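In terms of the numbering used here, the sequence shown opens at residue 5 and continues consecutively.
Simulated from the structure, these hints should not be mistaken for lab results.
Owing to the predicted nature of the structure, the values given are computational and were not obtained by experimental measurement.
Do not take every clue at face value.
Label pairs and their in silico Cβ distance ranges [stated by the list, open to error]:
#1 Gly-20 - Ala-108: 30 to 38 Å
#2 His-90 - Leu-13: 16 to 24 Å
#3 Gly-66 - His-90: 18 to 26 Å
#4 Ala-55 - Ile-126: 21 to 29 Å
#5 Arg-99 - Ala-79: 35 to 43 Å
#6 Asp-24 - Asp-86: 40 to 48 Å
#7 Arg-99 - Pro-62: 40 to 48 Å
#8 Leu-13 - Gly-66: 17 to 25 Å
#9 Arg-85 - Ala-55: 34 to 42 Å
#10 Cys-48 - Ile-126: 22 to 30 Å
#11 Asp-24 - Ser-45: 30 to 38 Å
The C-beta atom is built at its ideal place from N, Cα and C for all residues, glycine as well.
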Amino acid sequence: MEDQEPFRLVVCDLDGTLLDGEHSGGSFSEETKKVLKQVISFACPLVLATARGISELPPLDGLPEPLFLILYGGAVCMELRDGTFHQLEAQQLSRREAGEAVRAAEAEGASLWLFQPDQVHIKFGVKGVEESFGICIKDMFDI
């Protein structure tokens with residue numbers, strides 16, 4: 005473990021992943037909170053992704069910060085700051101920034117799906133190709 009780089013970001017689904025119990029309810033176990041507290045820090049924030057809305061979430065007390073939420077299947081993003089959730093607004097990347105993202109993905113051999121209001125950049129790399137094809141393309145194009 006010492007030879008590995010530390011985590012830089014933890015992103016988890018809720019239902020069937022982090023929560024105990026069925027999809028309609030569920031809660032965070034004490035063991036889950038304990039493990040997250042060992043990993044999460046300002047250098048490695050926690051992002052919870054779910055199709056649920058804010059009012060459908062289980063209590064989040066006891067979870068480490070920084071904590072971000074991706075809600076409603078990606079339609080709303082929020083950040084917990086000073087005990088209050090604040091909605092985050094997405095900003096369009098400049099052409100230069102989008103180009104840098106594509107080049108960075110290429111350098112890592114990673115697949116990239118970058119959605120902009122006026123264009124979509126798709127860069128298939130060695131890493132993430134099967135996941136991209138298995139999830140994104142099938143869902144988007146019914147193949």
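So, going through the hints one by one against the coordinates:
1. Gly-20 - Ala-108: 30 to 38 Å: holds, 31 Å
2. His-90 - Leu-13: 16 to 24 Å: Given range 16 to 24 Å: holds, Cβ gap about 19 Å.
3. Gly-66 - His-90: 18 to 26 Å: Taking Cβ atoms as reference, Gly-66 and His-90 lie about 20 Å apart, which means the hint holds.
4. Ala-55 - Ile-126: 21 to 29 Å: Holds: the Cβ-Cβ distance is about 24 Å, inside 21 to 29 Å.
5. Arg-99 - Ala-79: 35 to 43 Å: violated, 25 Å
6. Asp-24 - Asp-86: 40 to 48 Å: Taking Cβ atoms as reference, Asp-24 and Asp-86 lie about 29 Å apart, which means the hint is violated.
7. Arg-99 - Pro-62: 40 to 48 Å: The hint (40 to 48 Å, Cβ to Cβ) holds, given that Arg-99 and Pro-62 are roughly 41 Å apart.
8. Leu-13 - Gly-66: 17 to 25 Å: For Gly-66 against Leu-13, whose Cβ atoms are near 20 Å apart, the range 17 to 25 Å holds.
9. Arg-85 - Ala-55: 34 to 42 Å: Roughly 24 Å apart at Cβ, these two residues miss the hinted range, so it is violated.
10. Cys-48 - Ile-126: 22 to 30 Å: Check passed, 28 Å falls within 22 to 30 Å.
11. Asp-24 - Ser-45: 30 to 38 Å: Given a distance of about 25 Å, which is not inside 30 to 38 Å, the answer is violated.
The structure is inconsistent with the numbered hints 5, 6, 9 and 11, although it conforms to all the rest.
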